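Go ahead and model the full structure; you've got the sequences and the hints to work with.
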Amino acid sequence: MSDHILRLDDVHTDIGQYQILHGISLNVPEGGVHVLLGRNGAGKTTTLRTIMGLWRARAGAITFHHHDISNLHTSDIARLGIAYVPENMGIFGGLTVAENMRLATHSDRFDAGRLDRIYDLFPAMKTFWDRPAWALSGGQKQMLAISRAIIEKRDLILIDEPTKGLAPAIIEAMIAAFREIAQDTTILLVEQNFHFASSLGDSVAVIDDGRISHHGDMADLVADADLQNRLLSLSMNA
Amino acid sequence: MNKQISSLFEKAGGVYALPVILMVIALPLVGSFPTWVTLTVAGLGMGMMIFLMASGLSLVFGLMDVLNFGHSAFISFGAFIAASVLSVLAVWVGADNWVLNLLALTLAIGAAMLFGLVAGWAFEAVIVRPVYSDHLRQILITIGALIVADQLVLVIWGGIPISVPKPAFLQGSFFIGDISIEIYRSFAFVVGVVVFGLLYLVLNRTRLGLLIRAGVENREMVEALGFRIGRLFVLVFVVGSALAAMGGAMWGGYQGLISGELGSQVMILVFIVVIIGGLGSIEGSLLGALLVGLLGNYVAFIFPKLSLASNMLLMMVILLWRPYGLKPAIKR
Amino acid sequence: MTDLASNPPASRVTTGRVIVWTLAALIGLTLMFAPFLFTDVRSQQVAARICVFIVLAASYDLLIGYTGIVSFAHTMFFGLGAYGAAIALKAMGGGWAAIALGGAGGIAAAIVLAFLIGVLSLRVKAIFFAMVTLAAASVMMVLASQFSGLTGGEDGIVYTTPDLFKPATRLLVDADGGVIKLFGVSLNGKIAAYYFVFLISLALFWFLLRIVRSPLGTVLEAIRENEMRAEALGYRVVAYRTAVFIIAAIVAALAGLLWAVWLKYTGPDSVLSFDIMIDILLMVVIGGMGTMYGAVIGVALMSLAQYYLKDIMEVAASATANVPVLPQMLNPDRWLLWLGILFILLVYFFPAGIAGTLMKKGGQK
Chain D
2 MSDHILRLDD VHTDIGQYQI LHGISLNVPE GGVHVLLGRN GAGKTTTLRT
52 IMGLWRARAG AITFHHHDIS NLHTSDIARL GIAYVPENMG IFGGLTVAEN
102 MRLATHSDRF DAGRLDRIYD LFPAMKTFWD RPAWALSGGQ KQMLAISRAI
152 IEKRDLILID EPTKGLAPAI IEAMIAAFRE IAQDTTILLV EQNFHFASSL
202 GDSVAVIDDG RISHHGDMAD LVADADLQNR LLSLSMNA
Chain V
79 MNKQISSLFE KAGGVYALPV ILMVIALPLV GSFPTWVTLT VAGLGMGMMI
129 FLMASGLSLV FGLMDVLNFG HSAFISFGAF IAASVLSVLA VWVGADNWVL
179 NLLALTLAIG AAMLFGLVAG WAFEAVIVRP VYSDHLRQIL ITIGALIVAD
229 QLVLVIWGGI PISVPKPAFL QGSFFIGDIS IEIYRSFAFV VGVVVFGLLY
279 LVLNRTRLGL LIRAGVENRE MVEALGFRIG RLFVLVFVVG SALAAMGGAM
329 WGGYQGLISG ELGSQVMILV FIVVIIGGLG SIEGSLLGAL LVGLLGNYVA
379 FIFPKLSLAS NMLLMMVILL WRPYGLKPAI KR
Chain R
169 MTDLASNPPA SRVTTGRVIV WTLAALIGLT LMFAPFLFTD VRSQQVAARI
219 CVFIVLAASY DLLIGYTGIV SFAHTMFFGL GAYGAAIALK AMGGGWAAIA
269 LGGAGGIAAA IVLAFLIGVL SLRVKAIFFA MVTLAAASVM MVLASQFSGL
319 TGGEDGIVYT TPDLFKPATR LLVDADGGVI KLFGVSLNGK IAAYYFVFLI
369 SLALFWFLLR IVRSPLGTVL EAIRENEMRA EALGYRVVAY RTAVFIIAAI
419 VAALAGLLWA VWLKYTGPDS VLSFDIMIDI LLMVVIGGMG TMYGAVIGVA
469 LMSLAQYYLK DIMEVAASAT ANVPVLPQML NPDRWLLWLG ILFILLVYFF
519 PAGIAGTLMK KGGQK
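Chains as they are written, first to last, in this note's numbering: chain D, 2 to 239; chain V, 79 to 410; chain R, 169 to 533.
For the record, the hints were derived by calculation from the structure and aren't laboratory data. Everything numeric in this text was worked out from a predicted model, so none of it was measured. Glycine included, each C-beta is placed from N, C-alpha and C at the ideal position. Take these hints with a grain of salt, some might be off.
With a Cα cut of at most 30 Å, we get these calculated DSSO-like pairs of lysine-lysine [unchecked claim]:
(1) D:K165 with D:K154
(2) V:K383 with R:K258
(3) D:K127 with V:K89
(4) V:K383 with R:K349
(5) D:K142 with V:K89
Here are a few chain R residues that face chain V, going by a calculated C-beta distance under 8 Å [stated by the list, open to error]:
(6) R217
(7) F296
(8) L302
(9) A304
(10) Q314
(11) L318
(12) S354
(13) I446
(14) L449
(15) Q496
(16) P500
(17) R502
(18) I512
(19) Y516
(20) P519
In C-alpha cells form, the structure reads like this:
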C-alpha cells in the first residue's frame, strides 16, 4: 500500500461561525478499510462532507488520485469515483429500490455482474426491488444505501456510521459485506462502534476536537488497551 | 379520526377521494342536478387552470426550497400577451372556422409560453440565483421583482382593463338534456388533464423525472450521486414559468376582461392550492386545485359572499389535519 | 443568512450608530413640533401618517427583522384595529367609550387570528407562513368589502371622534374666550388630535424598543441567527415566534386605532389594501431590518418620497413627452416601478438597509 488514494492536508472547515475542523491531515492508502474514530462532535462527519464538497474547506488541500478536488463541485467529485453514504443514508423514500439504484448509475443501465453481486450480498434488495424505499426497514435502507455506492465501479466509498441503530445480527452481516466490498474498493469508514470498526479496519485515525490525535494500524490499537482507553474512553461502546 | 373510519378512508382512495366526497356532499346542498353538473364542470375547469399555475410553483419550491412570489408576474404577462395576440388575430378568432380559431388560440398560448420560457430563464439567473438558501432575501427580492413586473404590465398595457377576445368555437355552452355546460371551462379542463398527463409521464417515466423527484426529496444526495441539481432546477423553473404563463393565458380568456391585478388575485388561489396539496408534488397540486375549484364554485352558488373565504377555511382545516398538506413529496 | 440585519453588539457605540440615532432623533423632534413647523393641512396629514406608520413599520420590524419571518397579514391587523374603532364610533357616536370598546374588540380579534395563523403555519415551515398570511389578508380584504352592512364595503365608514378632537374645540382660551395661539398656531382640537396620535405612537415605539432590548429580544436574535441551535438549547421556537407574531399584531391593531381616530374615516384603501402592506415592507427593508430605528428612517423617507418623488416624475415625464415609452415609465403613477428596482438593488447590495449599513460602519467612539 505504497500509494495514497486520498490526502487531506491541514484542512480547516467552518460551519457558520463555528470552527469544526482545525487542520485535519490524513492519508488514506489505496485499498482496504480505513476507519475514522472519535467522539460525537469531534468532526468525523464534517471531514467526510468536506471531502465530498458538501461543505467547503476554508483552508487546506484535498487531493484524490493526486488531483486537487477541494474546489470542485460535489457532483464532479462524485463523478471522479467517490461514493458517499451519509449518516441518514440519503435514501429517496418516494422512489422504489430500483429507482434508487438507477439514480446511482451514471449510464442509466445496470451491469448484470454487479447487480448479481449486490443480490448475493444483500438478498433483500432483490426481494424488494420494486417496493418504495420508505417501506424498507432501517437495516434494509442501509443495505440499499451501500448497494447504491457499489452499483458502478467507485474507487473510494465514504461511509458515515453504517451501524447506527442496527441490530447486532445485521451488524455481523454488514461486516461480511464490507469485507467483500473492500476487495476491489477503498473504504473510508466513520464509526463509533469499536467492535465493528476493529473487526474491519486496516488502519485507524482518531479525530478529537477537529484534529487527528492518533494515526496507525488498527491491529496496534486493538492490541493496546491503554491506548484505547486514552483515545476512546468516551466513544467506546463495543 | 378513529381507526375504522381512517382505514375505510384509505380503502376509498385516501386523499384522492376528497374531490369526489366534496362533489357528493355538494349535490343535496345545490339541490338541482343540472345545476350541480354545471357547477362541477365549471369547478373542474377552474381547478385545472389553477393547477397549471400551481404545479410549477410547487416543483420549484420542492426542488430548491425557493418560494417565488414573482410567479404571479408570469401569470399576468401570460394573460396579457395572449390577449394581445388574440386581438391582433381578431379575424381568425372571430372566424366561423374552428381551424383558424384553434390556430389563433394556439399562437396566443404559444406566445405566452415562449415568454414564460425566456423570461423564466432570465428571472432565475438574475433574481433568484443570487439568493439561494436565504429565504428572507429570496422572498424580499422576488416581491421586489413582482412589484416591478406588475408596474411594467401597467406601463405596457395601461391601467385600463382590456377585453380578451374568445375564439368563436369556445364561446357559449352546449346542452345535454337540460344540463348546460360551458365550453370554455370544459376546454380548460381537457387542456389541464393533458398537461397533467404529460408532466406525470415525464416525472414518472423518464430519467429526468427521476432526478427531479429525487431532488425534491434530498437535493444534496442527488449531487453526491454525481448530478448537478442547479441545471435541473433551471429547467424546472423555466418550465414552471411557462406553465404559469399558459395558465394565465387560459385564465384571461375565461375572465374575458383582464386588469393588472389578475396575477396577484389568482396567486392567492395558487398559494392556497400549493399549501393544501403539499409542496413538491404535482399530484398534490392537482388535488388541491380541484378541491379549490370545486369548493369555490359550489360556495359561490350556495353562499355567494363566502367564495374566497371558503377556500381559506378549507386551507385552515387541512393544515390542522395534515400540517404538510394532503400529498407532499416525501422529505428526507 | 447571518449577515442580514445583524449588527454589532448593541453596547458598542460607533459613529454609524450615532448618525442613525441622530437621524431618528431629528425625525422625532420634527414630528414633535410638526404642528408648529408646518401649518398647512397636507403637512399635518403627512406628519400624522408618519407617526402611525412608524409604529406600524416598527412592529413589522419586530417580526421580520427580529425573527426573520415574513408576514403579509400586517395590514390585516392594522385594519382590525381601525375597523374595530370605526364600527364602534359609528354605532355609539364619537365618544371615548366607543374608542375603548371598539379598540378592545379589534385587538381581541387580532390576537385570536394571530394565534390561529401562528399555530397553524409556524409549526410546519416558516416559509408556509408567508403564503398563509397572504391568503388570510386577502380573504379579510374580500370580507371587508362584502359585508358592507358592517364595514361600509368599498366606501368605508365615516364617523365622528370625541369632541376634544373637533377643530372648533378650544384647548386654551384667553380672557376674551378666543383660542390662544402659540407661535401663531391656534391651540384647537386638531392639535389635540395630533398630539393624541403622536404621544401614543411614541409610547408604542418605546414599548417596542423595550421588547427588543429585553431578554425576549435576545432569545429572538438567537433564534434568528441559528434556529436549530436555539431549538437545541431548549427554546421553543414556535412558541416564541407565535408570541412575537401576537405582540406585533396587537401593536399593529393599536396603530390602526390611531389612524382611524385621526382620519375619521376607515375603508379598505386606508387600512387594508395590499399597497399599504408593500409600503410597510419597503419602509422596513429600506430603513434597515432588525434595528427599530431603521423603521423610523424608512417611514420618513418613503413618506417624503411618496409626495416629492411623484412631483419630480411629473416634471420628468413632461420633459420627455416626445420620447416613446419613457413618459409612461416616468408617469407619477408608476413611481412604484422605480421604488421596486431600488428595492431589489438594495436587497442585493445593502440587505441591512440604511440604518443597518450605517450602524456597521464607522469606528468605535
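Hint by hint, work out which the structure violates, then give me just those numbers in ascending order. The structure breaks hints 4, 6, 11, 12, 16; every other hint is satisfied.
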